[in-house]
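Sequences and hints are given; from them, build the entire structure.
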Amino acid sequence: MKSALNGGLNLSIRDGWWDELYDGRNGWAIPTADGVENPERRDTLEANALYELITTQLAPEFYDRGADGVPTSWVAMVRHTLATLRPQVQACRMVQEYVECLYAPAARSAAVVRADSFAGACELSRYRLRVGAAWSAVRVAQVDISGLPATPELGSEMTIRAAVVLAGLQPCDVDVQVVVGRVDDGDELQDPLVVAMQPVGDASEGEGQRFEATLRLPHAGLVGYTVRVLPQHPLMAVPAEFGLLHLAT
1 MKSALNGGLN LSIRDGWWDE LYDGRNGWAI PTADGVENPE RRDTLEANAL YELITTQLAP
61 EFYDRGADGV PTSWVAMVRH TLATLRPQVQ ACRMVQEYVE CLYAPAARSA AVVRADSFAG
121 ACELSRYRLR VGAAWSAVRV AQVDISGLPA TPELGSEMTI RAAVVLAGLQ PCDVDVQVVV
181 GRVDDGDELQ DPLVVAMQPV GDASEGEGQR FEATLRLPHA GLVGYTVRVL PQHPLMAVPA
241 EFGLLHLAT
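Note that my numbering gives residue 33 to position 33 of the sequence shown, counting from 1, and the numbers run on in steps of one.
Keep in mind the hints are simulated off the structure, nothing from the lab. Just so we're clear, the structure is a prediction, and the values are computed from it rather than from any experiment. Just to be clear, a hint being listed does not mean it is correct.
[Unchecked claim] DEER-style ranges, computed between Cβ atoms:
| id | residue 1 | residue 2 | range |
| --- | --- | --- | --- |
| 1 | A220 | D19 | 25 to 33 angstroms |
| 2 | G168 | M94 | 41 to 49 angstroms |
| 3 | C172 | S109 | 16 to 24 angstroms |
[To be verified] Subject to a maximum C-alpha distance of 20 angstroms in a straight line, what follows is the list of computed SDA-like cross-link-like pairs (lysine to any residue):
| id | residue 1 | residue 2 |
| --- | --- | --- |
| 4 | K2 | M77 |
| 5 | K2 | R14 |
| 6 | K2 | T84 |
| 7 | K2 | M94 |
| 8 | K2 | R25 |
| 9 | K2 | W18 |
Ideal Cβ positions, reconstructed from N, Cα and C, are used throughout, including at glycine.
Below, the structure written as structure tokens:
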């Protein structure tokens, strides 16, 4: 990656950053023999592919020179790499993303939990203990939908209602979400849309708290959905921080 900053042409299998940024003009991708179980056979196939790349593409590009001794095609690839790849791999973007997405939020969070003799940290600790003690009894008791047509269309509106047993927790202690997506051949949700559900009172049969959300489908076709419950607190860094989750069954 660092050589690209100086116009270096890359010759590698398509993995990591090279898989994302290879465009056919900034270097060469070594074909892989994924799926070949015999390691010796795989080594042979990939070695032959590498040698063919060197002899039929890389070497001719480098040694085909004009009257001035300059490998015109090679230099064109270098210029293309400097123009298109260099901006993508320079450290400025990486450091900026680290600062904006990680370091600055971490610093702000640290300042909040340290304030007033670590009052925030104590509050979050008490919340974590309270949620942890109740979590095994938290569950999605019931889910129903309305408004969804027999043949879902793009933009179709549907309302999802869920009864959630909170086991002594308050509605503000949890984030109840509906997840809607396409259904693939393995009954997995693809391209999921996540929408927060709002508390709307006690469940009609007295079992838990009722949550509701109305949304428009982002796509047409077969639709799948589920409801999930996660802890929620202003001082949590991410919803998955405690490793707690309940899905509707």
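Okay, the hints, checked on the actual structure:
1. The given range of 25 to 33 angstroms is respected by A220 and D19, whose C-beta atoms sit roughly 32 angstroms from each other.
2. Checked against the given bound of 41 to 49 angstroms, the beta carbons of G168 and M94, roughly 45 angstroms apart, stay inside it.
3. About 20 angstroms separates the C-beta atoms of C172 and S109, a value consistent with the hinted range of 16 to 24 angstroms.
4. Taking the CA atoms of K2 and M77, the gap is about 17 angstroms. The hint holds against a cut of 20 angstroms.
5. A hinted pair counts as satisfied when its Cα atoms are at most 20 angstroms apart, and K2 with R14 qualifies at roughly 16 angstroms.
6. Simply put, K2 and T84 have alpha-carbon atoms about 14 angstroms apart, close enough for the 20 angstroms limit, and the pair holds.
7. Note on K2 and M94: the hinted pairing holds, with a Cα-Cα distance of about 13 angstroms set against a maximum of 20 angstroms.
8. The straight-line distance between the Cα atoms of K2 and R25 is roughly 18 angstroms, inside the 20 angstroms bound, and the hint therefore holds.
9. About 12 angstroms separates the Cα atoms of K2 and W18, which keeps this hinted pair within 20 angstroms; it holds.
Every hint from the earlier list agrees with this structure, and none is contradicted.
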